[in-house]
Every structure is written in C-alpha cells, then in structure tokens.
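The whole structure should be built from the sequences, with the hints applied where relevant.
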Amino acid sequence: MSTVVLLLVTGLGLAGLYFLVASGLSLVFGLADVLNFAHGLFLSVGAYATWWAAGVVPGGGTGWGFGLAVAIGVAAGAAVATVVELVLIRPLYRRTIEQVLVTVGLSLAGVALLQAIWGADARPFPRPDWTRVVTHLGGAAIPNASLLLIIGAGAVLLALLGFLRYTRIGLVIRAGVEDRSMVTALGIDVRKAFTLVFAIGGAAAALAGALAGVAFGAVSPGQGTSLLIFGFIVVVIGGMGSVTGSAAAAAAVGLVQQFANYYAPGLGDISVVVLLAAVLLVRPQGLASLARGTA
Amino acid sequence: MMRRLLPLVALAVMAVLPYSTLRIPYVLDGPLNSPGTLQLLAICLVFGGLATGYDLMFGRTGLLSFGHALYFAGGVYGTAILVDRTTWPLWLAALVAVAGTALLATLLGAIALRTNGIAFAMVTLAFAQVGAITVARNPGQVTGGEEGLPLDGARLPEPLVGVVNTANLYWLALAFVAVVLFAVHRIGDAPAGRVLIAVRDDDRRVGVIGLDPYRFRLLAFVTSGALAALGGVAYALLVGGASVHVTSSDFTLSLLVMVVLGGPGTRWGPLLGGFAFAFLDQRLTAVGSSDAVAGLPSVLSGPLSQPLFILGTAFILAVYFVPGGLAGLAGRLGPLRRLLPAKAHT
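Chain order of the listed sequences is A and B.
Going by my numbering, the final residue of the first sequence carries number 295, and the count climbs one at a time with no gaps.
Going by my numbering, the final residue of the second sequence carries number 346, and the count climbs one at a time with no gaps.
Source of the hints: derived by calculation from the structure; they are not laboratory data.
It is possible that some hints are incorrect.
[What the hints assert, rightly or not] Cβ-Cβ distance ranges computed for the label pairs, FRET-style:
#1 B:Val-179 with A:Asp-179: 45 to 53 Å
#2 A:Pro-265 with B:Gly-162: 53 to 61 Å
#3 A:Ser-226 with B:Ala-154: 33 to 41 Å
#4 B:Ala-15 with A:Ala-75: 56 to 64 Å
#5 B:Leu-92 with A:Trp-130: 38 to 46 Å
#6 B:Ile-111 with A:Thr-184: 35 to 43 Å
[Said to hold, decoys possible] Covered stretches of chain B, as calculated for chain A (at least 3 residues, CB under 8 Å):
#7 127 to 134
#8 250 to 264
#9 314 to 327
For clarity, every value in this text was computed on a predicted model and none was experimentally measured.
Positions of the beta carbon are idealized from the N, C-alpha and C atoms, including for glycine.
Here it is, written out as structure tokens:
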C-alpha cells in the first residue's frame, strides 16, 4: 500500500513538471500555431538564472532567499520568451513552417550558448534543506521535492484557469484558440495576446526548470530539450490549446511512467510512447476533444 | 545535354580526388589524399546523402519528421551489433540492418502517418526518443550504452580497415551518395514523384483523383528511412563504430537545418546543404579551438568555440534572408547574370 502511495505521489510530481512545460507549449500552439522548439531553452534559462541568483542573493540556498532566486529565474524565462516572440516570431506571423525552423535554430544556438558560458557538464543545484527530506504520508515516505512540484504545478494550473476564465485578455486568448480569424475580424489585436501567451509559457517553463533543478539536484544545458520531448507528448495526448487537457494528459503520462518504471524497470519511457500511440490510434485529436464532445 | 553530363563529371572528379595531392590552404588541413582530409570529405558526403534522403520526405512530400535519427541509427547500430554479435560477413550484416530498419520504418510510419502536420512531427519525435533511450539503457549489453559500440577491425573485410584504406571508405561514401541521388531523382522524375508533390501541395485533390495519399506518404517515409539506414552503414564503417549521438533528436534537427540551408525540394540543394553543414561543423570545431579564437575576449571566444552556436545563428538568418536556401541563391543571381553580358554587348 505504502508503495502505491509513494508511486502515486512521485508520479504526480513528475506530472507537475510535465504540466509546467506542456501548458505553455499547448497555449502557444493553440493560439499562434507555433510549435516552439525553443521552449526547452526557456526552461534551461530559468534553471540557470535561478542557479545564478541563488549564489548571489543573500541566503539564496534556503527559505525566502531561494524563493527570490526562483522568482528571478521565472522573470528571466518570461523576459527571454517575450524577446523571442517580439524579435523572431512576430515577423514570421502566419508562416508556420518558418516559425518552427526559427525556433529549431534558436534551440540549437541557445543550448550551445549556455554550454559556452557554463560548460557542458551538469552543475549541482542549490537546494533548500527542507526539499531534501521526506514527509510521511499514508505510511509512505514522500520526498518533499515531489510535493513541491505538485503544489507548484497545481498553483500554476489554478492561476491559468482563473486568468483564462475571468479576465478580458483571457477571454481573447480562449476565443483566439477557437477561431483566430474571427477574433481578428472583430477588431481585436491578437498579437498582443501572442506576446502575453509566450511570456506566460516562458515563465511556466522557467519555473519548471527551477523546480526540476531542485528535484534532480543538478542543472545541465541539455536538460530542457529532454524534458521538452515529454512536453510534446503531453500536448499531443492532451489536445493542442487545452490547459485542462494538458493537465489530465500530464497526470496520465507521469503516473504511467512512474508505475511502469517500478513494476517493469526501464520500460517507463517506452510505455509512455505506447500510450501516445494508443491515444493517436483511437482519438487523433487528443483527450481534450472528449470534453468538448467533438471528434 | 550539359545539365545531364554535369553530375557525371562531378562524380568522376570526386572519384579521382584520392589521387590528388592538391593543397587548399585554410580550407583543408592536409593535401587532398591525406587520410584526415579524405575522412572529412567522406563524412561530408554521407551527410549530403542523408540530407537528400530526408528531403524526399520533407521537401518533396511535405512531411516534417523529427524522428529521422531513428532510422539512421538503425543502420549504424544494426551493423555494429550484428558485426559484434554474429559471425556473419559484413554484407549480410549490412543487408539485414537496412532491411530490418525499413521494416521498422514501415510499422512506425503506418502509425505516425495517421496524424499529419505538427502532430506527425511530435509522434515521430517520440518514437525516435524511445530509440535513443533504449540505446542509452544498453539492454543485454548489446548497444554499449553511453560508451558506444566500436567496430572490431578483425571482423571486417581488410580493405575497409585502417588509416591506409581511408580512400576505400571515401569511395564507399561516394557510392552511397550516388545511390541516394539516383533513387531520389528516379522517384522524383517518375509519376510517383509528381504524386508526392501533389500530396504535399493538396492531398484532398489527390484523394479526389482516386489515389490514396496515405500510401504515397508511407512510400516516401519508408524509402527515406531505408536510405538513412544505408547511410548509417556507411557512417558506422567510416567512423569505426556507433555512438549514442546518432540517436539524438539534435541529429534529426541538424538534418532539417541542412535541408533548409540547401533548399528543400530542389535537386541538388539538400546535397549541398548537408555537405556544407557537415564541413562547417567539423572545421569550425578546429577554428574554435585555434589560438586566434582563444586570444579573443571570453565574451566572443566562448560562443565562437561552439560550432552549433554559429550554425544555429546562421540557420536563423538563412530562414529570414535566404528562403530558398543555397539552391535558391542561383535563381536569385540569375537576373544579375543576365544583366552582365547585356552590358558587355552595349
């Protein structure tokens, strides 16, 4: 029983990480039709900025100082994402393939730049002491880092849903995901929403980078790219442009991976891809179409 | 007539290169027939062939696959593992590796092609990722994990082993390029090639005419995968083994970069792009570690020592300013060229 609880919570922790990566990807794709390969770069930028800030901010390795470092990391991720959207993506508005290519080039060059600055090897990540210990829950010893990931992802999920539901710009974004040309025809400038969605996605990815640093205990330039692939899988399973779909798919992927890894060691990643293939064969539009009632 | 002969002349020139002792200062380190230079040129040729094969799917059929590394790795690892584990002669190991990879491409392509556009890109990426993870996990000690799997020279035919025989490996790479170009151009010029372009431009129309776009997509996917596996065999022999790098998604991304730099959907563009990319990737590493760069302030020397930083930046600039790639440049210079003789006459 305690094993199941442990796997459940750590699986959900992993799911939280995937959700933080996928939510931004999914919104950006849903609204702007941009498959953003540079999203992994935002994650790495967030992780490295947090790592750097934790060394500079007084008391950066513990408590509130670490919180401030994470905030700086998130701000850096959002800033980089905004600049990328304004400078590189916006001139290629509506030219989908070129936008993908630019983000591919950006991810190659960006990771190489991080490597040039901080080296290719992983660096130990400063972790507050309380994230290294475990909490006893239902007879299982749960790593606090997993709980932190779940809480972080849950907070972002609620904030995103509230933002999309109760604010005017959130309404514009939801409408834009459904039918962009109609929104434009009504005289609303969707491009502002693009920039905002990029910034939000960059911030979420940067938070994922900082929390992944805490969970794995290290940062490396390639970390973002490997997490990005799971982000893509979650987005495809969840359905493009749906935040709740991403959350559900992230939970499914995280749990499947964790349980498969325990009961059939080494098969976790493969079972995730089998899940992806199964969903595609049965329902190519992703899980979100279930809720909407459209096929 | 000229247009038809030119490729054959180029092939002949490339074939006699190992007999030349020409030196090209700054571009190449040693004379043309030195093993180092031949190895470099052979790797560039293999990448040129790979990019051409990838373009059959990307530029001609319009399928954006992010999983091509899987089929290349199938050739590389298939050969390395079969040579390592069986007593089969090399030709049989290579044949089985290519045939097995083609079968895998048929299976995975049949699933992935149920989606299209961006979803297809992500599904192929996920399949390739499984390949990369499996190779890194090293099940049953067959793949050698992160260490890679070196080819044992004693089990290979003698003319393909050792520094003295680099010229043979170079010819092997040249033969691979010739096979890929022949196959891709034959398909491109045949009625099937026209259908592929039609599938790219308007697949509903193809359906209305009574042809099944799915089958033609699968044809392009499997052919492209099999050609990549063939390239994998040549690459494994050339570098003397397999390494995990060839399974990574970055590998597919660099193929995409090569094709876009060269000019997707053109006859010679992908070959040029692949050759140029591989050449720059190898040579920039040498330039980046040279004294001239190390002497620069660290703000400059750091990024300049990363070939991928330079190539990635060049790629972004190319997407903005050179949309047709290298092959498109010729067309753009056309008006200029027509102008020049006209001026000479007047």
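Taking the hints in turn, this is what the structure says about them:
no.	hint	verdict
1	B:Val-179 with A:Asp-179: 45 to 53 Å	holds, 48 Å
2	A:Pro-265 with B:Gly-162: 53 to 61 Å	violated, 41 Å
3	A:Ser-226 with B:Ala-154: 33 to 41 Å	holds, 37 Å
4	B:Ala-15 with A:Ala-75: 56 to 64 Å	holds, 58 Å
5	B:Leu-92 with A:Trp-130: 38 to 46 Å	violated, 60 Å
6	B:Ile-111 with A:Thr-184: 35 to 43 Å	holds, 36 Å
7	127 to 134	holds (count 5)
8	250 to 264	holds (count 6)
9	314 to 327	holds (count 5)
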